[in-house]
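Chain by chain, the residues run as shown.
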Amino acid sequence: MTHLFERLMAAAEVLEPVQSQYRVLFELPDNDGPAGILIPDPNWMAAAMAGGVLPPINTYLSDLSRMYAWLAAQPDDEERMKFSWDKIGGATHPYAEPIGPMTEEQAIEYLIQKDLPLSVWADHEKANRPRFKIIRTEMVPTDRNFRNAWRIAA
Amino acid sequence: MSRLEAETLANIAGSRVISMEMNVRGTPKCHGLIQYTAGTPSSLLSNNVSSLTDIGTGVCGVNLTLAMTSSNFPALVTVNGSAVLNNLDVETRNGGVVTALFYPLRCLSPAGVATDPNQFSHMALGDLA
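Protein chains in written order, with numbering that gives the first Met the number 0: chain A, 0 to 153; chain B, 0 to 128.
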C-alpha cells in the first residue's frame, strides 16, 4: 500500500479541484468564542469524490483516541510536548486501505468527523441546541465587521 | 527535522493571485494558500490540506489530511508574499497546543494570517507521520 502522502500527491496531479457548495458552521460547547466555519479544501474534495485515496474515517478516530490517551497519561505539559507518533507505535491512517468514492454530502460528513472536535459532533442529536450546521456557501456573510459575534441561530 | 525558509515569493495583482513562485529551502510536506474572497477565507492551492477553519477575526487554521510527526515541526507563513513566520516552531508559537495534531495551525498568531480581502496567506510545514 502506498503512503497516503503519495496518494494525495498523485491525486492532485490528475484530478480537477472541486469547490464545495457547502460549509460547516460550528460552535465548541465549552467555548464562548464565535462560531467557526469549516471550509473544505478543493483538492481534498476531489480526492474524496474520486475514491481510492483517503483512509477510512475510523483510522483517524482511532489514531486520535490513542494520541489523547497517551497525552492524558503524561504527568505534565513538559512530557506532553514530547509526543510523537513513534511513541504510540506509529499512526495507522497513512497506510490504511483507501475507501471508495463519496458523494459531496458524504465527504462533508467525513470531514466533520475528521476535522471538528469530537465534542462538536458526537451525540449532537441529543444536545439542547445545535452545535453545527451544514450550510450552503452563499449563506456565509461576506461582511466580517462583526465576525467575532457570529453564532449559530437556534 | 527539515528547515523551511522562503527565498522568493509570489506575484499578485489586485486581489487575485496570478502566479506564485516559491523557493523553500528544506522539504515542505504541507502547503496551504488561503485567499480572502469577499472577506471569507478560501483555499486555492494546497497539498495535504483537508479543510480550513475560519475561527474568527484574524485567525484561520489549516486541517491536515496526514498527521505530522510530532507536536514540533518547522513552519513558514507568509502574508502577501512576505514571510511573517520563518522556520518557526509551530508548537512553540502556539504555546503548546499539543491537542491540535490533526489541525495544528488553528492558533496561528493573528498577525500571521491575512484578514484583508486583498491579502492572501501561505503556509508550509515540514515533517509528516
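Treat the hints as calculated values from the structure; they're not laboratory data. By construction, the Cβ of each residue, glycine as well, lies at the ideal position given by its N, Cα and C atoms. Possibly wrong hints are sitting among the right ones.
Stated by the list, open to error - Computed footprint of chain B on chain A, listed as stretches where at least three residues anywhere in the stretch have a Cβ under 8 Å from a Cβ of chain B:
id	stretch
1	3-9
2	30-38
3	42-55
4	95-106
Hints and how they fare:
Judged by the Cβ-Cβ criterion of 8 Å, the stretch 3-9 of chain A is covered by chain B as claimed, because 4 of its residues qualify and three suffice. Check result for the stretch 30-38 of chain A against chain B: holds, 6 residues qualifying (beta carbon to beta carbon below 8 Å, three or more required). Residues of the stretch 42-55 of chain A with a Cβ under 8 Å from some Cβ of chain B number 3, which satisfies the need for three, so the listed coverage holds. Counting residues of the stretch 95-106 of chain A whose beta carbon lies closer than 8 Å to any beta carbon of chain B gives 0, which falls below the threshold of three, so the coverage claim is violated.
Hint compliance for this structure: hint 4 alone is broken.
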